[in-house]
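Sequences listed follow chains F and W, in order.
The letter at position 272 of the first sequence is residue 275 when you use our numbering, and the numbering goes up by one with no holes.
The letter at position 188 of the second sequence is residue 191 when you use our numbering, and the numbering goes up by one with no holes.
Hints may contain errors.
Because identical chains cannot be distinguished in the list, a pair is counted as satisfied if it fits within a single copy or across any two copies.
Stated by the list, open to error - Below 20 Å or equal to it, Euclidean Cα-Cα: the simulated SDA-like pairs (lysine to any residue) are: (1) Lys175 - Lys224; (2) Lys49 - Glu142; (3) Lys216 - His188; (4) Lys224 - Trp275; (5) Lys165 - Lys224; (6) Lys224 - Gly161; (7) Lys224 - Ala298; (8) Lys224 - Asp185; (9) Lys165 - Gly124; (10) Lys68 - Phe145; (11) Lys33 - Ala85; (12) Lys224 - Gln270; (13) Lys98 - Leu249; (14) Lys33 - Glu264; (15) Lys72 - Leu160; (16) Lys224 - Asp180; (17) Lys33 - Gln111.
In case anyone wonders, no lab produced these hints; they're calculated from the structure.
2 protein chains.
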Amino acid sequence: MAKKQSPHIFERLALIGIGLIGSSIARVAKRDNLVGHISVSARTQKSLDKAMELGIADSVSLDQKAAVKDADMVIICAPISAYQEIIEAIAPGLKPGAIVSDVGSVKQAVVRDLGSHIPEGIHLIPAHPVAGTEHSGPEAGFPELFTDRWCILTPPLGTDEKSIDAVEAFWKAAGSDVEIMDPGHHDQVMAMTSHLPHLIAYTIVGTATDLEKTLRNEVIKFSAGGFRDFTRIAASDPTMWRDVFLNNRDAVLEMLQRFSEDITALQRAIRWGEGDTLFELFSRTRDVRRGVIEAKQEKMYD
Amino acid sequence: MAKKQSPHIFERLALIGIGLIGSSIARVAKRDNLVGHISVSARTQKSLDKAMELGIADSVSLDQKAAVKDADMVIICAPISAYQEIIEAIAPGLKPGAIVSDVGSVKQAVVRDLGSHIPEGIHLIPAHPVAGTEHSGPEAGFPELFTDRWCILTPPLGTDEKSIDAVEAFWKAAGSDVEIMDPGHHDQVMAMTSHLPHLIAYTIVGTATDLEKTLRNEVIKFSAGGFRDFTRIAASDPTMWRDVFLNNRDAVLEMLQRFSEDITALQRAIRWGEGDTLFELFSRTRDVRRGVIEAKQEKMYD
């Protein structure tokens, strides 16, 4: 699959956005010599200066179109709400045969937003590296972020196979396991494994914030045993997550509805002292944990 | 506070139950020579044999009354639903001046269940070491479990100060920070920081289990990014947690009600595409995370 005969998987990589994910891509690409040149564009000169200072960019430009010039591979590493503007800016500057990819957590909306703007002869191969931390910004990245994590590709039907192979080779070289999936299916799976958990974590931390002040301070003080995990998840990038919920609305609402029904049933069981109902569920969920460990997802998102 | 002049904090410690918490207490007490003798009682001979084999018990007995004979400190390390039976069994065998404590996650119900059975001259000092893992049983324990964790004591008003000091000294020697609290207040704080997060984790993992089979398998396969954390929490001991919810009903239902209102508001915001509402909450929750890190609870429950 990987083009091992070539020294680089791509000669010229352009990254639009250099936050946690973008800078981690740049770091692993630099460390393992996966590309010949990294061109970076970002919204602020400060981020570009930081990228140069960190040695993870070979050239930088506030002008997105200039940044993608001659690039074989362009990866959009920005919040989904910025995609429309980005693709309109870069489309006229793309090299014939270039690949346009991204790292967004939602894929149907991406195919929709980018698809119609992709010029003839350009290959759109959306990607979702399922990896992250609660930290943001160029300094937050590290080259091992993608090691042993999934990267899901959702190329539209009929996409050039050689280009898909190249993107796959790139992510495998970055340490990921690669899976190809239908974008709608991706969005459903992620609604359950990632989007709903984040929504719940944000909610419960918000609920705690609204408590009477004394109680709130003690909740923070004694935040072991469950809540702490939620605060970590709920410290994730607000812009990114707003965009996720706005762009995966139907799947998130569907999963949220199922969750709400289930928690209402538990609420009733607690109110009426139905211990067996609680015990039965609590035993059942242990098996899922075993499945997760067997699926070797244990070390993900740490 | 600690009676450093004495070689042992208690000459004879009796543990009723030798699961994750009981065996961790035994391990740290052995390692740091905190007590002269550890007597263990458990429900099965198998657990007692295991305790002897692990070298964490000096004597064992299936007979709880026999196990507490001559003990200066008795710690009940069993699910709350077993407390009534245990206190009835051990009360006649307690040495005058002995301390009876426990490790339960709920404290008002404990004071209620144990309080009326405590003979004259015996000191009831309920305790809650806020520490744990998702693993259960005598083999799951380790002596560092309580290091830098909170241990909350909820002695009834008028409890013998010297006995409280001794329990505090014991937990400090085990590595914990000790706080004394009203049992009702303890239950409210824990409802938010621990009980509600566990309930939510159990629920969402249950919701995932009920998905159509293909989707369910993929949820397990791609369980990074949030869901994985929930599966770990939802793998905790079912009996213990059933008892927590049955015994802290009012506080849990109150916090759950607040949470439900908040998530319903978010559901509406997602449905109507109100990005600002989402962004505002997601930004606010970041501050709570900072508070948690400053409160040094970061390493708890790992």
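A quick look at each hint next to the structure:
1. Within a single copy, Lys175 and Lys224 get their C-alpha atoms only as close as 42 Å, which misses the 20 Å cut-off; across copies the closest is 18 Å, which meets it.
2. When the C-alpha separation of Lys49 and Glu142 is checked against a cutoff of 20 Å, the pair qualifies only within one copy, where the shortest distance is 12 Å, while the shortest distance between copies is 53 Å.
3. Taking identical chains as interchangeable, the C-alpha atoms of Lys216 and His188 lie at most 20 Å apart only when they sit on different chains, with a minimum of 14 Å there against 43 Å within one chain.
4. When the C-alpha separation of Lys224 and Trp275 is checked against a cutoff of 20 Å, the pair qualifies neither within a copy, at 32 Å, nor between copies, at 36 Å.
5. Taking the shortest Cα distances, Lys165 and Lys224 never come within 20 Å of each other, neither inside one copy (54 Å) nor across copies (27 Å).
6. Proximity of Lys224 and Gly161 under a CA criterion of 20 Å is satisfied in neither setting, with 55 Å inside one chain copy and 26 Å between copies.
7. In this homomeric assembly, Lys224 and Ala298 come within 20 Å of each other (Cα to Cα) only across copies, at 6 Å, whereas the closest approach inside a single copy is 35 Å.
8. In this assembly of identical chains, the alpha carbons of Lys224 and Asp185 lie at most 20 Å apart only when taken from different copies (16 Å versus 44 Å within one copy).
9. Proximity of Lys165 and Gly124 under a CA criterion of 20 Å is satisfied intra-copy only: 13 Å inside one chain copy versus 82 Å between copies.
10. In this assembly of identical chains, Lys68 and Phe145 lie within 20 Å of each other by CA distance neither inside one copy nor across copies; the values are 27 Å within and 58 Å between.
11. Neither within a single protomer nor between protomers do Lys33 and Ala85 lie at most 20 Å apart by alpha-carbon distance, with minima of 26 Å and 59 Å respectively.
12. Taking the closest pair of Cα atoms, Lys224 and Gln270 never come within 20 Å of each other, the shortest separation being 27 Å inside a single copy and 29 Å across copies.
13. Taking CA atoms no more than 20 Å apart as the test, Lys98 paired with Leu249 passes in neither setting, with 32 Å inside one copy and 65 Å between copies.
14. Within a single copy, Lys33 and Glu264 get their C-alpha atoms no closer than 48 Å, and across copies no closer than 48 Å, so neither meets the 20 Å cut-off.
15. In this assembly of identical chains, Lys72 and Leu160 lie within 20 Å of each other by CA distance neither inside one copy nor across copies; the values are 27 Å within and 75 Å between.
16. Taking identical chains as interchangeable, the C-alpha atoms of Lys224 and Asp180 lie at most 20 Å apart only when they sit on different chains, with a minimum of 12 Å there against 39 Å within one chain.
17. Neither within a single protomer nor between protomers do Lys33 and Gln111 lie at most 20 Å apart by alpha-carbon distance, with minima of 31 Å and 58 Å respectively.
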